[in-house]
Structure formats: C-alpha cells, structure tokens
Amino acid sequence: MRYSGFHVIWEALTGHKGWTPAWRDPAPQSDYDIIIVGGGGHGLATAYYLAKEFQQARIAVLEKGWIGGGNVGRNTTIVRSNYMLPGNEPFYEFSMKLWEGLEQDFNYNAMVSQRGVLNLYHTDAQRDAYTRRGNAMRLYGVDAELLGRDQVRAMYPFLNFDNARFPIKGGLLQRRGGTVRHDAVAWGYARGADQRGVDIIQNCEVTGFRITDGRIAGVETSRGYIGAKKVGVAVAGASSRVMAHAGMRLPIESHVLQAFVSEGLKPLIDGVITYGAGHFYVSQSDKGGLVFGGDIDGYNSYAQRGNLPVVEDVCEGGMSLMPNIGRARLLRMWGGIMDMSMDGSPIIDRTDVDGLYFNGGWCYGGFKATPASGYCFAHLLARDTPHPTATAYRFDRFRKGLMIDEKGMGAQPNLH
Amino acid sequence: MIINHPLLGPRDAQEFTYLGDANLLNRPNPDAPDAAERFYEYLYLRDNPAGLHRELWYHEQGDRSWLVVTRNTLTHEITKVELARDVARAAQAAGESA
Ligand SMILES: Cc1cc2nc3c(=O)[nH]c(=O)nc-3n(C[C@H](O)[C@H](O)[C@H](O)COP(=O)(O)OP(=O)(O)OC[C@H]3O[C@@H](n4cnc5c(N)ncnc54)[C@H](O)[C@@H]3O)c2cc1C
Chain A
1 MRYSGFHVIW EALTGHKGWT PAWRDPAPQS DYDIIIVGGG GHGLATAYYL AKEFQQARIA
61 VLEKGWIGGG NVGRNTTIVR SNYMLPGNEP FYEFSMKLWE GLEQDFNYNA MVSQRGVLNL
121 YHTDAQRDAY TRRGNAMRLY GVDAELLGRD QVRAMYPFLN FDNARFPIKG GLLQRRGGTV
181 RHDAVAWGYA RGADQRGVDI IQNCEVTGFR ITDGRIAGVE TSRGYIGAKK VGVAVAGASS
241 RVMAHAGMRL PIESHVLQAF VSEGLKPLID GVITYGAGHF YVSQSDKGGL VFGGDIDGYN
301 SYAQRGNLPV VEDVCEGGMS LMPNIGRARL LRMWGGIMDM SMDGSPIIDR TDVDGLYFNG
361 GWCYGGFKAT PASGYCFAHL LARDTPHPTA TAYRFDRFRK GLMIDEKGMG AQPNLH
Chain B
1 MIINHPLLGP RDAQEFTYLG DANLLNRPNP DAPDAAERFY EYLYLRDNPA GLHRELWYHE
61 QGDRSWLVVT RNTLTHEITK VELARDVARA AQAAGESA
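In order, the protein sequences belong to chains A and B.
First residue of the first sequence: 1, per my numbering; consecutive thereafter.
First residue of the second sequence: 1, per my numbering; consecutive thereafter.
Rather than coming from a laboratory, the hints here were simulated on the basis of the structure.
Since the structure is predicted, the reported quantities are computational estimates derived from the model, not experimental observations.
A hint or two may mislead.
Cross-link-like lysine to aspartate or glutamate pairs, in silico, EDC-like; alpha carbons within 20 Å at most [what the hints assert, rightly or not]:
(1) A:K400 with B:E55
(2) A:K52 with A:E103
(3) A:K400 with B:D34
(4) A:K400 with B:E37
(5) A:K229 with A:D213
(6) A:K97 with A:E145
Modelling step: build the complete structure from the supplied sequences, incorporating the hints.
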C-alpha cells in the first residue's frame, strides 16, 4: 500500500477500514544471506538500504524487544551536520542530505522539520571556536551562519541575554538542522524494508554467534538457531554485551542519558536551541511539549534510568537560559543507554571474524546519523568496502592513534 | 546514589567524579617488549559489564581520596567501597593486578 494525501482522505470518508499493518510479523526462517542484529534506527535503515540500494535479498532484522523500543524511540530528535573534523563532517552531511529526501524515498511521514539548530556562545573564546567550526563546515559545503547578539535576540527575545555570569553574545546557526519524529523513522524504515522482502523478527534476542574456522555461520537466538552468510550488529547501548559473544572487547562504555518533556505549551520555540554555558538543549514538539536534555549521568550504566543530580543540573541549565519556563511542569522523563566510544566518534567496520560486521559507538548523537549509518553499513555488508564517507570509522584507529576526537577529551567516554 | 566512604561514611555521589573501570589501576609496564599493544588495550578497551562493575571514583569535593566502588550497572546498587590505595597495595603485596 502506498500512502498519500488522497489515501488519507479516502479512508477518512470510508470509516478507516482499509488500513493494513505496516509490516508483517514473520516467523524466522532457518537461514538468511544477511542478518542484522538490532531493530533500532540503524539496524532497520541498514536492512532498508541493503534491499533498496544494494539489491540484496534474504535479509532479516532480529530485535530482542519491539522495534523502536531502544534509543531510536528515546532520543530528543535533533538532527544536524555541524561537525568539524574531516572524518566526521562529510558523513554527517551525507546523513543530512538523506534526511532531506527521506520521506519521499520511503513514503512515510517522518515529520522531518528543518527548523534550524542554534548553538549559543557566551564568551569571546567560544565565539572564536564557533567561527572555526562554522568555517570548517562551509569548507565542506555545509551551511553555517555566525549570528551576533542582536540577530539572536530577534529570533528568541525571551532568552536570558543579560545573565551576569553567562551573557549571550551570539550563536552558530545551521538552518538546515532541525528535528525528526523519532519513532516514525523506525516505522518508516521498517515498513520500507518489509515491502522489499526483509523479515523483521521481534522478540528475538541474539544470545550467541556460531563461528566455524574464523567465519560466521549463524546466530543463536531466543527463538532458536538461525544460519547466516553475513551478520551485521547494530545494537547501540548493548554493543559490548553482544560482541562479547564473539570474544571481542570494544573501545566502548555504556552510559545513561536522560530526556525530559514538559506539559504542552503554546508555541514558544520554533527551532532548536543549545545553551553554550551549561548542559541544556531544547526544542518544542508539535504537540507543544518542550523536549529537552543535557549531559549523560557519567558512570557506566545499563539501567535505562538516571539519577536526580542530573535532573537538577539540566533544569538549572534551562532556568538560567530561559527563566520563563520556571512555572512549566515536567510531564515525563526517561533514560536510554548510550554506546560511548573512546573518542566520541562511531565505528562502522569489519571484525576479525569473517562475515561479522559491527556498527556502534554512536554516543548520544546517533539519531541524526541514522540514514547515513544505515547506508554506509549496507555498503560495507554488500560490497565489503567502506562507503567513501565512512572510511575513518575503523576499529584500528585507536591502535594507530587516528582518533576522531571532536572535543579533544581523550579516552574518557563520560566527557565526550 | 550514596557512596559509603570507608573514612567519611555515606556521601552523595555528587561529591565525586567518576573515572571508570578499576582496571585502570593496573598500568602496564612501559618497558615490556609488548608495551605498545598492552597500552592500547589498557587505554582503549573495556569489559563494560552488565552487572557488577569495579570502578574508580574520586572524592573531589571531599577528602580527595580515590575509591574502588563495586556497583551493579543494571540496578546502580553499590555493594562494596574500598580505598583505592588499599586495593593497590594489597595487590602489590600479593604480586597480582588490582
Ligand atoms: C535521551 C536520549 C537523547 C538523545 N538525543 C539525541 C539527539 O537529539 N540527536 C541525536 O542525533 N542522537 C540522540 N541520541 C542518540 C541516539 O538515539 C542513538 O545514538 C541511536 O538511536 C542509536 O542507534 P539505534 O537507533 O540503532 O539504537 P536503538 O534504538 O537502541 O537500537 C538498538 C536495538 O538493538 C536491540 N538489541 C540489543 N541487544 C540485542 C540482542 N542481543 N539481540 C537482538 N536485539 C538486541 C535493542 O533492543 C534495540 O532495539 C539520544 C539518545 C538518548 C537515549
């Protein structure tokens, strides 16, 4: 079934009796050419592009819970391509271009909204750093504008410009950045993959790999053994746990990141704002809730919930940036488990086991990467060579000293 | 989270900063022939377990001691707190890694 405006009107007039499930619920077959472990955004996008762009068949996505129950359905939905380093920026811009055509491509309303991402600066040094970042972006053909204080004031007059300690001096704006409805990304890719014959198998946890003579033979799952010629793992926060089944230790720690939504308010913020003097970023959903977040809690965790000190820190950041939210009530908050890598950048690479591939280390910024990550992982799985924009995302960069460390923090995942 | 400091009693985790896996106490020998490989593993690879995790916390806003905290990463429950100094010395005396 192809979705269209006409279709919606037709169904509205005929009692909504014609809608069918957006994807099948197949039983696992005994073997596949390619198995993707993890039905998050990255796993589903990988399956979609494998089938659509790389003409692969006999593909399954194995998900231990339900698709979209992981980080793809827990993030604060911000997409942008305002990175600085050569290994990163072309990749994230590739992702941004895929976002721009995504809804037409997979025929699903993902509410891609290029409402602009504004990073505020508060000191001269921070302005210089943003000037450099903006210039680096423009060298790669990406849009970036450095705004002065008056230009920011014209956009968001209610911000706390004259905060005695952290006055707002301006901001770096990427107009093409914005937000995307996160669950719809999972659902759109799932539906698109399913339509091209991919089996999406939920409630199917991978509990081990069968490896013979250094080559992958298949995966053990909670629904029995399934054979495979190739296996691609994209399980985000569970990366270390899953790859341990193949005897691997990863350059990754799992950490918890929290997110928050306020009660519905009248339209207040039409873009995305990030505070440069504390950990706080905010946008407003189409239902009116302020969607915001801050820093990771900072200690290893698999608990999918965080602690109160970070809640307090995030709310303090919010209050010092925009005191007008002081009376708004917090409606919901939750946590997700981040695969924090040792340099803050991801990995899309082969492993020492033939036919076993890995995609992870996305930290708290992997939602924006979803389309390109899926595309590049599909490229690697289908052709055995990295996509040109993802050549730097290798395991051996740590051994070789080729880190992609945007923040310059070193091997300290809780600081990235 | 409350960390039961061996010298100061129960303290809010907010007073501490977190470093990571307590295995960071076991710095490889820089003169060993395979030192480069050992340092790569020491610096960049982690067990990252789901369950009990021994980890280093620094009492930055307190007595500035380093602690080895045993904590469950699935529940955040803390079951053991030791002075890192004691852990390192005991390991040294036994000729093992901490
Ligand atoms: C609170 C929060 C805010 C965030 N904000 C942003 C943001 O604003 N912008 C941005 O770009 N990024 C953001 N992120 C990061 C982003 O959400 C993640 O980097 C990205 O979603 C990870 O990829 P994924 O979608 O494939 O992960 P997931 O959706 O977590 O998918 C992994 C899947 O693997 C499954 N799995 C795990 N183990 C197994 C197993 N053994 N067998 C089978 N399946 C398994 C899990 O159940 C899960 O569904 C945020 C994350 C969080 C938690």
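Each hint, compared with the structure:
1. A:K400 with B:E55: violated, 27 Å
2. A:K52 with A:E103: Judged against 20 Å, a Cα distance of about 15 Å means the pair holds.
3. A:K400 with B:D34: Holds, at roughly 15 Å.
4. A:K400 with B:E37: This hinted pair holds, its Cα atoms lying about 10 Å apart.
5. A:K229 with A:D213: holds, 14 Å
6. A:K97 with A:E145: holds, 18 Å
Going through the hint list in order, the structure does not satisfy hint 1, though it satisfies all others.
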